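Guided by the hints, dock chain B onto chain A, whose structure is given.
Chains A and B supply the protein sequences, listed in that same order. The opening position of the first sequence corresponds to residue 212 in this note's numbering, with each subsequent residue numbered one higher. The opening position of the second sequence corresponds to residue 13 in this note's numbering, with each subsequent residue numbered one higher.
Worth flagging that the hints you see were computed from the coordinates, not collected in a lab. These numbers come from a predicted model, not from an experiment. Among the clues, some could well be false.
What the hints assert, rightly or not - Below, a list of computed lysine-lysine pairs in the DSBU-like style, where the Cα atoms sit at most 30 Å apart:
| # | chain 1 | residue 1 | chain 2 | residue 2 |
| --- | --- | --- | --- | --- |
| 1 | B | Lys31 | A | Lys304 |
| 2 | B | Lys53 | B | Lys64 |
| 3 | B | Lys52 | A | Lys237 |
| 4 | B | Lys53 | A | Lys304 |
| 5 | B | Lys52 | B | Lys31 |
| 6 | A | Lys237 | A | Lys281 |
| 7 | A | Lys267 | B | Lys53 |
| 8 | B | Lys34 | A | Lys280 |
| 9 | A | Lys280 | A | Lys304 |
| 10 | B | Lys34 | B | Lys53 |
| 11 | A | Lys281 | A | Lys304 |
| 12 | A | Lys280 | A | Lys237 |
| 13 | B | Lys52 | A | Lys281 |
| 14 | B | Lys48 | A | Lys281 |
| 15 | A | Lys304 | B | Lys52 |
| 16 | A | Lys237 | B | Lys48 |
| 17 | A | Lys267 | B | Lys52 |
| 18 | A | Lys280 | A | Lys267 |
| 19 | B | Lys53 | B | Lys30 |
| 20 | A | Lys237 | B | Lys31 |
| 21 | A | Lys304 | B | Lys30 |
| 22 | A | Lys280 | B | Lys53 |
| 23 | A | Lys281 | B | Lys31 |
| 24 | B | Lys30 | B | Lys64 |
| 25 | B | Lys52 | B | Lys34 |
| 26 | B | Lys64 | A | Lys304 |
Unchecked claim - Here are a few chain A residues that sit away from chain B, every Cβ distance over 10 Å (derived from the structure):
| # | residue |
| --- | --- |
| 27 | Lys237 |
| 28 | Gln244 |
| 29 | Thr275 |
| 30 | Gly313 |
For glycine and all other residues, C-beta sits at the position ideal for the given N, C-alpha and C.
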Amino acid sequence: SQQGEEDPQALSIQEGENATMNCSYKTSINNLQWYRQNSGRGLVHLILIRSNEREKHSGRLRVTLDTSKKSSSLLITASRAADTASYFCATSKGSGSRLTFGEGTQLTVNP
Amino acid sequence: ETGVTQTPRHLVMGMTNKKSLKCEQHLGHNAMYWYKQSAKKPLELMFVYNFKEQTENNSVPSRFSPECPNSSHLFLHLHTLQPEDSALYLCASSHAGWERNTGELFFGEGSRLTVL
Numbered sequence: 212s213q214q215g216e217e218d219p220q221a222l223s224i225q226e227g228e229n230a231t232m233n234c235s236y237k238t239s240i241n242n243l244q245w246y247r248q249n250s251g252r253g254l255v256h257l258i259l260i261r262s263n264e265r266e267k268h269s270g271r272l273r274v275t276l277d278t279s280k281k282s283s284s285l286l287i288t289a290s291r292a293a294d295t296a297s298y299f300c301a302t303s304k305g306s307g308s309r310l311t312f313g314e315g316t317q318l319t320v321n322p
Numbered sequence: 013e014t015g016v017t018q019t020p021r022h023l024v025m026g027m028t029n030k031k032s033l034k035c036e037q038h039l040g041h042n043a044m045y046w047y048k049q050s051a052k053k054p055l056e057l058m059f060v061y062n063f064k065e066q067t068e069n070n071s072v073p074s075r076f077s078p079e080c081p082n083s084s085h086l087f088l089h090l091h092t093l094q095p096e097d098s099a100l101y102l103c104a105s106s107h108a109g110w111e112r113n114t115g116e117l118f119f120g121e122g123s124r125l126t127v128l
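Only chain A is shown next, with the shape it has when bound in the complex (with noise of 0.2 Å):
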């Protein structure tokens, strides 16, 4: 079964608002990793929780992990119409970097 799986599939807004994506997972994690990927290039990786750690700043970027409920959120905040993009969670369990990727939310901000 998928470790990784995001909420919505797909999110339309405006330009200036926030963008709230959701992952959960099923099993214990190490750390959980936010990664944008542009239309049809690599991934980026955005930021790294770890399993102790309840909440992450990066930028525009907020992530928040719930170890209890097995689930993370990714915010960006004041979108721009530059984050369109797809965004994936992935766990990784321990050691080494095996990680486990969703199927991603594709995000669109509208100018």
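This is chain B only, laid out in the frame that chain A set:
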């Protein structure tokens, strides 16, 4: 520019062809990976190499053959592929080992493969 370069970016091949995908990283990493990304499916890990040794093969068909001559280069040799193998093939690298492992992967831009 992520420090991971994949060539070719696009490849069209027939089912009887033999081709290779190449990946090169300039980040000083010791682990390299091949992932397959198909439409509407999660990324699938295919192969993992740590310090040039293959440490993971996720039940990938033998028509895909990886090669890792050194820690900076990774190849994926393709032969007698099927149309369902059409996908974006992504190479990634990372530090290997507990002491340097942040868990972060650095991806190349991918090779878009179409099998006719």
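Next on the checklist: Does Lys31 of chain B sit within 30 Å of Lys237 of chain A, going by the straight-line distance between their CA atoms?
Outcome noted: violated, 38 Å
Checklist entry - Keeping to a limit of 30 Å between CA atoms, is the pair of Lys52 of chain B and Lys34 of chain B held or broken? => result Holds, because 25 Å separates the two Cα atoms, which is no more than 30 Å.
Checklist entry - Between Lys304 of chain A and Lys30 of chain B, is the straight-line Cα distance small enough, at 30 Å or below? => result Not OK: Lys304 of chain A and Lys30 of chain B at ~36 Å, beyond 30 Å, violated.
Item to check | Satisfaction of hint between Lys281 of chain A and Lys237 of chain A, Cα-Cα up to 30 Å | outcome: holds, 7 Å
Checklist entry - Do the alpha carbons of Lys53 of chain B and Lys64 of chain B lie within 30 Å of each other, as the hint requires? => result Holds. Lys53 of chain B to Lys64 of chain B sits at ~29 Å (cutoff 30 Å).
Item to check | Pair hint Lys280 of chain A and Lys267 of chain A, alpha-carbon separation not exceeding 30 Å | outcome: Given pair Lys280 of chain A, Lys267 of chain A holds - Cα atoms ~17 Å apart, limit 30 Å.
Checklist entry - Is Lys53 of chain B close enough to Lys30 of chain B, meaning Cα to Cα at most 30 Å? => result Judged against 30 Å, a Cα distance of about 26 Å means the pair holds.
Checklist entry - Holds or violated: Lys280 of chain A with Lys304 of chain A, Cα cutoff 30 Å? => result With Cα atoms ~16 Å apart, Lys280 of chain A and Lys304 of chain A stay inside 30 Å; holds.
Checklist entry - When you check the alpha-carbon spacing of Lys34 of chain B and Lys280 of chain A, does it fall within 30 Å? => result violated, 41 Å
Checklist entry - Is Lys280 of chain A close enough to Lys237 of chain A, meaning Cα to Cα at most 30 Å? => result holds, 9 Å
Next on the checklist: So if I understand the rule, the pair passes when the alpha-carbon distance is 30 Å or less; does Lys267 of chain A with Lys52 of chain B pass?
Outcome noted: holds, 29 Å
Item to check | chain B versus Lys237 of chain A - minimum CB to CB distance exceeding 10 Å, so not interface | outcome: Non-interface label on Lys237 of chain A holds, nearest chain B Cβ at 13 Å vs cutoff 10 Å.
In summary, the structure is inconsistent with hints 1, 8, 20, 21, 23, 28, 30 from the numbered list given earlier, while agreeing with the others.
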